[in-house]
Structures are given as structure tokens and as C-alpha cells.
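Build out the structure end to end from the sequences listed, making use of the hints.
For the record, the sequence lines run as chains A and Y. If you use this note's numbering, the first sequence corresponds to residues 1 to 309, in order. If you use this note's numbering, the second sequence corresponds to residues 310 to 606, in order.
To be clear, the hints were calculated from the coordinates, so they are not data collected in a lab. Some hints here could point you the wrong way.
Using 16 Å as the maximum straight-line C-alpha spacing, the simulated EDC-like pairs for lysine to aspartate or glutamate come out as follows [what the hints assert, rightly or not]:
(1) K55/A <-> D603/Y
(2) K553/Y <-> D478/Y
(3) K85/A <-> D165/A
(4) K323/Y <-> D129/A
(5) K66/A <-> E28/A
(6) K16/A <-> D603/Y
(7) K568/Y <-> D478/Y
(8) K242/A <-> D232/A
(9) K212/A <-> E6/A
These numbers were taken from a predicted model, which means no experiment stands behind them.
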Amino acid sequence: MAAIIEVNNLSKQFNKITVVNNLSFTVEEGDVYGFLGQNGAGKSTTIRMLLTLIKPTEGEISIFGKKLQTHRSEILSQVGAVIEKPDLYKYLSAYDNLSIFARLSGIKVTKQLLMKQLQMVGLDDRAKDKVKTFSQGMKQRLGIAVALIHNPSLIILDEPTNGLDPQGIADMRNLILMLSKELGKTVLISSHLLSEIEVIANRMIIIHKGQKKIEGSVTELLDPAHTMIDIDSTDNVAAREKIAASKWASYLQQDKALQLMMNRTAVPSLIKDLVAMDIELLSVNSSHSLENYFLSLTTNSGYVAPFAN
Amino acid sequence: MWHLLQIELYKISKRPRTYIAFVAITAIVVIFQFAFKADGQSYMDLMLQSVKDTFAFDRVQAINGYFMCYIILNTLLIQVPILVALIAADSISGEANMGTLRLLISKPISRTQIILVKFAAATIFTIFLLIWMAVTSLFFSILIFGTGDMLIFRSKGDESQILLITSDDVMWRYYAAFAYATVALTVIAALSLFLSIFAENSIGPIIATVCIVIVCTIVSNINVPIIDKHVKPFLFTSYLVGWKGFFYINTDADNNTIKGSLENWPAIRRSLLILVAHIFVIVWASIAVFKRKDILS
Chain A
1 MAAIIEVNNL SKQFNKITVV NNLSFTVEEG DVYGFLGQNG AGKSTTIRML
51 LTLIKPTEGE ISIFGKKLQT HRSEILSQVG AVIEKPDLYK YLSAYDNLSI
101 FARLSGIKVT KQLLMKQLQM VGLDDRAKDK VKTFSQGMKQ RLGIAVALIH
151 NPSLIILDEP TNGLDPQGIA DMRNLILMLS KELGKTVLIS SHLLSEIEVI
201 ANRMIIIHKG QKKIEGSVTE LLDPAHTMID IDSTDNVAAR EKIAASKWAS
251 YLQQDKALQL MMNRTAVPSL IKDLVAMDIE LLSVNSSHSL ENYFLSLTTN
301 SGYVAPFAN
Chain Y
310 MWHLLQIELY KISKRPRTYI AFVAITAIVV IFQFAFKADG QSYMDLMLQS
360 VKDTFAFDRV QAINGYFMCY IILNTLLIQV PILVALIAAD SISGEANMGT
410 LRLLISKPIS RTQIILVKFA AATIFTIFLL IWMAVTSLFF SILIFGTGDM
460 LIFRSKGDES QILLITSDDV MWRYYAAFAY ATVALTVIAA LSLFLSIFAE
510 NSIGPIIATV CIVIVCTIVS NINVPIIDKH VKPFLFTSYL VGWKGFFYIN
560 TDADNNTIKG SLENWPAIRR SLLILVAHIF VIVWASIAVF KRKDILS
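Structure follows, in C-alpha cells:
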């Protein structure tokens, strides 16, 4: 697989405050690459640097094997993006907006092409309506149409589900999967929700305070072997002693009242044994350790995942 | 570049605020024309009061289309910078405010192209505004008041002067004056564009432009030798009303005006060159600043 985006030692400072710190990552051809981080982690700043909206303080960005700094126009003609909110010219119609951004992307515009694109996002019947009359979801769909009108090879979506209702989120997810699987596009999608990234991305990175924390394939990072089991019982101290004396002792987490890290497939067997040990269970919750790790970044709980750098 | 300019002009043409300037000009001109049609005689009596014994002229005939246009321009060309700023100050800040600036910059067009196209569009808007001014204040006035020889009232130092330009010597002066005004107002457009780079809504740059014009105009009117020598020559506001130079006609020994003459063409030419230099410097500064700007909107 060829590298589509290569980011090396990228840093950005605003008034001596480091927002992105020595960040390196690679997005390969055909990837749906999840860019995960809490709000203020530096995701949008990194994306803005990829789109030349912000100049890096240090580091290098190559896209399609070419340096962004020296091949800007050539690269951007093959990139489609929705950056945060899909803001468009509110006083113009959906058709006019699409036409303007298609021409700015350097393609030959035909009415047929524009209508086809509007049809793809379900806005063909609102083509002549002004954008100011659109709902957030409709604007988001039009933003996607604008990002895709010039048939880009790389699509960058910065928090594309922000402000969408559940149906809108599902539609967006399906669209991204379609772009990747049916059209072979490379997609970089940022989000602050792990649940969103894990269902659409094949590779992901977690950044925190501008630094890379984890990068890898979603399958590996969300390996069921890293499932965290939280147990609550009527007497947690006694329950811990019983588990420590059982075959499950090696899975018991240190310094945690009743937490085990194990393969998800072993959970039914664990529950049977807990019942057999006369532990009166109030609840058994499973979550992936990556999820806990990501949560810890937000809450500063100090949790360190076994795979974290 | 041409298709970028087409897009920019299309966007401007679709914004309601674009037409505010045209409506404002029309309203002011119509009010002037109505007032002079109803009671222009009083104005002429007042202006000719001091010379009524020495200067024989048909006062009714003096209020013609050419004279009206001159009176209107004297008033309007001071206010028009605000109308130009209304559009030019919105060029970048308006895009930032709408959030379209980041989309625009993520397209394969350079920041230099964006500034040049925005500047060109603001200049074209200024030209259209002045054409509309010419149509309403000159051609409509000619239709309403007719043509004739044109009187110019002028204060020169401590003395007042009245110049008479024959009707066949007027039109070229108006064409030249409107062309000069276009250059002068383009400086305002460039200044507004420059200021709009720093803002995320258009109100700030509009107010800043108007403040700069007001402050510089006040400084341009301060008669202190040190300011006359070291400040005024560099202020664009010192040259904004230079269009009047096309109506200052030479007179012969008998105090008769000489057809086709200009009192001080070198001064007009110098003023034009200074204004053009201002445009180049401000547009260059706009490009330099915009190229380095991080887009955070």
C-alpha cells in the first residue's frame, strides 16, 4: 500500500503554546483513518495544517508522495474536505454553492454533474433553495457533496457528525463506508468519539495534548483480549479474595477493587464461576481497555493501557 | 484567474448589501435634484451674492445638469468611501464570518490569487458605483435640468473665485473626473480589503476604514507647515478630491477661461501617481499578510 499522507515531526505553536507536538503518522491508500482525541487535543489544528490553512511551526507533510509546501495546488486538487461545520454561502442556493466550489476545484461544471451530486446526498429536490433555509443535517450533506464534487482521491472529514441527529450520523457513517469500500477512496476522519471511529475506521491514531499516544489498526487496538471487566457485588472485598484464590487471579487488576482484563470470549465462563463461588453479583460490565484508556485521557484518571506508548 | 473573478462578482451580485450603496446614491441624488428643482434659485442667490454687481449671469440658466452634477459630486464623493468599504471590508472578513474562508483556502487556488481577485472585484464594484453615480448625477440631471455653460465656485486661499466652463468643454472633464475618482476610491477599497484580513466580521474593518479616512482627512486639512511638508504629501486623503482639478480651468489676461485647459495638470498627474502607489503598497501588504495568516475561523 502506498502512503497517501505522511506526517513527520509536525509541531504547531500559537503564542508559545504548543498545540501539536512532534506528531508523526502515516495514512495508507484505501485507509479509513480515524483521528481520535478529546476536544482541544490538536486534531483540527493538524487537519488545518494538512489543508494549508495553518502553517506548521516545524515538521513536514507529504501527500500523494509530494511535499505539501511545494506542490500545494496539485495536491489540493485531489483532496476533498469538510472542516468542522460545513459552512457555505447561506445567501446562495445549494446548486450555486456546489457550482462555485466545483469551479474552484478546477473541474468543468455541467448541470448534469451538479444535479447528480445533489441527488447522491438527497438534495436534488432542494437544489434551488437557499442554504440559509437548510437544517444542519442538510448543510452537512451539501458539505459532503462539495467535498466530493471533483472526485478527490483523499477525503478529510473533521468531526463530520457534529450536530447531526442519530439518522444523520448513520447516513454519514454509511456514506464514508461506501466511499471507502465501493469507490476506494482514502478517508481521514477526526472525532472525539471512539465508538464512532471503531465502526468505520480500519486504522486509527489517538492524540492527546498534541502528541501521539497510540497508532495502529483498529482490529489490533480493539483486540477482544483487552476487554476490561468491572464487577460489582454485595461484598467486593470478599469477592476479590475469592477471585484471587481462583483460576481468574492472573486477570485481576492491581489497585482496582474488582476489575479484570481478559479476553471477551471468556466472560460467560467467568460469570458462571463467580456465581459458583457464591459471589452475589450486582453487575458485570465489559468495556474495551482502549475505551478506558481514551476515557482516562479525558478525565486524567492516570490509567495506562497495556499497549500505550 | 478569470473564472475566479467571475465567481467573486457573482457572489457580490447575489448579496443584498451590495445594492445598499446604489440605493443610497440614488436617494441622495434624487433629494438634491428635487431640492434644486424646487428652490435652486435661493442657492444661486447665496453663492452669487458677493459678485452680483460684477458678474452678469442668468441664474436660472446656471442651474443646469452640469452644475448639478458638480454640486452632487462635491457632497457624494466624501460619503462614497463608506459605501465602497461596505463591500470591500467584507471581502475576507465576510468569508471568515460565514466559515467559507477555510473551504476557499483548501481549494487549489493560491492566497495571492484570492487577494488579487477580491481586490479586482472590489475595484469593479467601485467602477460600477461610480458609473451609477455618473448616470444619476450627470445624465439624469441633464435630463431634468438641461445643459448649458457651467459655473464653478471655488475658494482659493482667502479669495473666492467663479469659473465659467462653456458647455462644449464640460463632458470630457466629467469623464476624467470620474476616472480619477475611481482611482481615489480604489485606494479605499484596497485599504478596506487589507483591514478585512484581520477581522472575522465586516463591521470592524468598515468602522476602521471610516475612522482612518476621517482621521487622515482631518490631518489633511490641518494647516500647519510641518504637517504640510512632512505628513500631507503621504496621506491618500490629501488627494481624494483631486478630481476637482479637472474643473479648474486656466484664464487669460482678461480673466476669460481658456477652453480645454487645466490649471495644474502636473499636480493632477502627481496625485494620480501617489494614489496608484498607495494601491500597489496596500495590495502588496495585503498579500504579504494574508500569505502568513493562520486561518482559525
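Each hint, compared with the structure:
no. : hint              : result
1   : K55/A <-> D603/Y  : 6 Å, holds
2   : K553/Y <-> D478/Y : 15 Å, holds
3   : K85/A <-> D165/A  : 14 Å, holds
4   : K323/Y <-> D129/A : 14 Å, holds
5   : K66/A <-> E28/A   : 14 Å, holds
6   : K16/A <-> D603/Y  : 15 Å, holds
7   : K568/Y <-> D478/Y : 6 Å, holds
8   : K242/A <-> D232/A : 14 Å, holds
9   : K212/A <-> E6/A   : 14 Å, holds
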